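Colleague: The lines below spell out each chain.
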Amino acid sequence: MVAGPARHHITVCVNFGGHEMDISSIAFANSLILGLSIASIFFVAALGLTIIYGTAGVINMAHGEFIMLGAYTVYAMQTFLGVPYFLCIPAAFIVVGAIGFAVEKSLIRYLYERPLDTLLATWGVSLILIQGTRLIFGSEPKFVQIPSFLSSNVEVGGLSLGAFRIFIILMALALAASVWFIFYRSDFGIKIRAVTQNREMAASFGINSGQVYSFTFALGAGLAGVAGALFGALNIVLPTMGIEYVVEAFLTVITGGGALMGSAIASLAIGEWQSIFALVTNSTFAQFMIFVLIVVFLRFRPEGLISASGKRR
Amino acid sequence: MTQNLYHNKTLQWLFYIIAFGFLGLVPLISDDEFLLNQLATYAVYGMLAVSISLCWGSGGILNMGQGIAFGLGAYCMAMTMQMQTQADGTIPPFMLNNGLDSLPLLWVPFQDTTTGIIMALVVPTAFYLIFGGIMFTARVSGPFFAIMTLATLSAFATIFVDLQAYTNGVNGISPPGSLNLGDMEIDPYSSGTYWFVFAMLLVCTFAAKLINQSRFGLIVRALKDDPERVRFLGYNVAVYETLVYTLSGLIAAIAGCCFAVLTQYVSPAQFNVGFSISIVIWAAIGGRNSLIWAMFGAFTVQGAQSYVGDQFLNTWILILGFSFILVVRFLPGGVAGFVETILDRFTKPEVEPDPVDLKISDAKEVAK
Amino acid sequence: MKFSRRNFLKNSAMVGALAAPSIWIPQSRGAWGATLTEGEPIKVGVLFSLTGSLAVPEEDSTLVMQYAIDEINAAGGIAGSQIEPVIIDAKSDFGVYTEKARELILRDKVISIFGCYTSASRKAILPTVMDRDNLLFYPTCYEGAECVQNIVCTGPLANQHSKDLIPFMVENYGKRVFFVGSNYVWPKESNKNAKIWLENAGGELLGEEYIPLGDSEFGPVLGKIREAQPDFIFSTVVGASDIAFHRQFKQAGFSAETMPIASLTTGEIETKAMGAEYGAGHYTSAPYFQALDNPTNQKFVEGFLSSPYGKNGVTHYNMAETYNSAYVFKAAMEKAIADHGFNEVTSMRLRDACAGIKLSADISPEGETWIDEDNFNTWLVPKIGHCQSDGSFKIVKEAAEHVAPDPFSIYPDAGTCRANGLVAPDGTVRTDVI
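Protein chains in written order, with the working numbering: chain A, 26 to 338; chain B, 21 to 388; chain C, 1487 to 1920.
Bound conformation, chain A alone (with noise of 0.2 Å):
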């Protein structure tokens, strides 16, 4: 594939007995672009998190399941109706961030207060819709369809990544800059931004901070389905696939502080270090490293990379 590219030869210790592992700069380089494919399917998945978390301080524990709603809703759509795949997505995050808004509506409104008893209530809600799911449609694996060009390689040099990972990566950079200018750039962003600095200061300037918060937590929802509908096709489509990125999504968001920068930064540095490290040693052990530095950077740093504003947590 590439004529003999230099060989830097590094000797790496793990833990569990010697391990010496030769690693060309060919492989690094790849390994750090994978990082970026990982980070951004770290942020995808947290995005919707952190603009929930970030403005009402809400621990959405159904998070991953909105996630796994998005991907049943492609699969419906292309199954069932024959809609292509890029006009799934779009209406992916119509008919979860629907779900989103009629949950908040109906139980998380009244549970601001209590933060711990929110986390437990959406963990109910979780309960119901991976097995409401699996009764809908039952518990096998699904297959949803991508067009066939975004399912080949592209390579540059000696670097390559799968097209559809690159499709990723640009669609989290399209949320993030969507996401940046609603909340930067419209009024409902303001209001969003109002809403979470002091909530009944906003209320007293005439805005409906109830429908503000039932807007913001439908918007996440809806981004959690976009990212479901992404993950859907990379993976598979199972009732429990939302599970595997609820724990991950959260420690993005906590590690990022709850701000879009702080995600975005957050998933950046775990999705490299995930690469990077499972390059080096393997999977299961970069897994429970990450794990364990998360939990150490937040002893030190508890309220986060970037401090969401205002809110006093």
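Hints are supplied without guarantee of correctness; some may be wrong.
[Unchecked claim] Not the full set, but computed from the structure, chain C residues with beta-carbon under 10 Å of chain A: (1) P1653; (2) N1677; (3) L1699.
[Claimed, not checked] Residues of chain C placed beyond 12 Å of chain A at every Cβ, according to the derived structure: (4) G1538; (5) Q1568; (6) V1572; (7) M1834; (8) H1888; (9) V1915.
Keep in mind the hints are simulated off the structure, nothing from the lab.
Predicted model, so just to flag it, every value in this text is computed and none were measured.
Beta carbons: idealized from backbone N, C-alpha and C, even for Gly.
Keeping the supplied structure of chain A fixed, place chains B and C upon it in accordance with the hints.
Modeller: Showing chains B and C alone in chain A's frame:
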């Protein structure tokens, strides 16, 4: 009666004694082996619910990783039981398959039963002490702490699966025999074992209740409501939080040991996120602020799953999820809170003295 | 205070009661045991997960058992008695597995249990099965390294599975291999066996990677594969991860023509779920494929898929193994009844009767198989299937002879598993080797 009966200490202790009395009578009524084993397992779940009620209901610390202490205690006990079945000098078969030819350092303390049991209690408690200490001195609390416990639990699950040579990974440890204490074999199906586990449950619950009623408990409940205020009053909040968290870990470790004795199997599934959150669900449904009602919550939910769950099959989880949401939303105190509210109806409010009618003329008279 | 004294008295009474050792001593187990009564149906336990994350492979086992039992009952049952299955949902939870296994043995008094898929669930219920002298029929491939006197396995062992696959792939694609597996016991044991076959075939192992169970991020592993450029990949990735692996493999630009994945786990259910374009071109080794061309299999596939149990639409190796276990049970029961009389059949006598039981090609959809009389695993014929563009498999190679099951094939120092226990090279016998 002017005090809500629910809060009457004497009646509370009476209730505890009667409830435990009934539980203790079970083996005299039935000698169905399966039932005794099953109820003893429920007692283990009850202990876990009590431990959560202690640190969450009393201390306001939501711990979603109680599986850590439970799993560590269970693993230590299973390792002790495994070594008991090994003839002197031999090592567990699964280690041979993983390329080990001598007993690893980690397992050496478990060759001796007494040391093994002590380890089973000390290791989880020490971990909780250190982890809690680190977290609480950094003032990590509330939902942050809950997520930290989740992350740590996941890390434990991952590492126990990965260290296959030491823990047999996902397959877990199945000691092929029951625990032997001296000459006695602890048969998991006997009434003796039932009473032993029941005694552990009793000791843990009563001890937790005494803690709650002590001065220590008073401060812990105060810091649940407002840690800042307690801090300003001069108490070291981190110490109290760490202690109550550690005590709850000790109870969970005891539960883990009993579990290993009863089921003769332990695996990284003990570190499942779903199981640890289930414990919180039991305590929430029963009543997080009450030790005995949390215990009843565990009995009810697990009992329903065993007996009614088969009827409902697929919809059982839906029912559980819905019940949980309803309880959290409408009955934050669980069934216990509901009982408290009902008993409140029978409590007459203190009779207020007649309001003094102050007119200027009367005031002069009264002032004389 | 009044109550503390009352407490104390109560507690000390309990301590006194506990001190009496008699209550610790277990009730005599010899007299206990499931027995059959003439005229009453034969009760068996069917313990698989019908709900939860393991439902996808396990529910089919329950459905196939029900189908097989209906078939046996319709043909007259066993010695005139009908089989009564007690169907239990293990809810993908090992705690439930343990509890329900106990219930089946202690309460329902079943003569044997058909159950378990993951090794973990098997290890969870074996202590109870061993303790109460019952019998477990375990119908899935597993890693071996056990010598238990209460289990009959109808799935392939690690030494049977990859014996033909590795040399076939080396012959057809090249000597350089990369191993990928899920991070737990079975893939690691399978890889140990595969390494031996690879060495015999003159192949070269370029790398061995394990990913966390249930994880679906294969980017780093595929990166290492790209660096190493093997001729083929040997996969023991299981479950949903397997599907993700095949998808990401193609999306990363690899092709099944130049670097196929040879797996032990990818069956019809997985290829259906991953999408035919992702599965096509890869290889699987199993004793059974839906496309097997023999009259027994055709009857099985047609009959099963048209019955109410065939709702999932495919037949798959795990199901065939479960189906066979029902017929092994039938044959062994008939033998035990003939030897001892109906009322004297116990689970252990049934187990002894299983030794050497042969299922002819008329009964077994995968062809003739028989139970080894020493270690109670199955002699079978591994086949290699090449996945077609519609998700079905075309058989490209069948082993010429049945392969013997050997649970300790790579641990000769441990000994040989015989009917009475694990016999070490120095002659000592150990039972209940888990």
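Colleague: Which hint numbers does the structure go against, in order from smallest to largest?
Modeller: 1, 2 and 4
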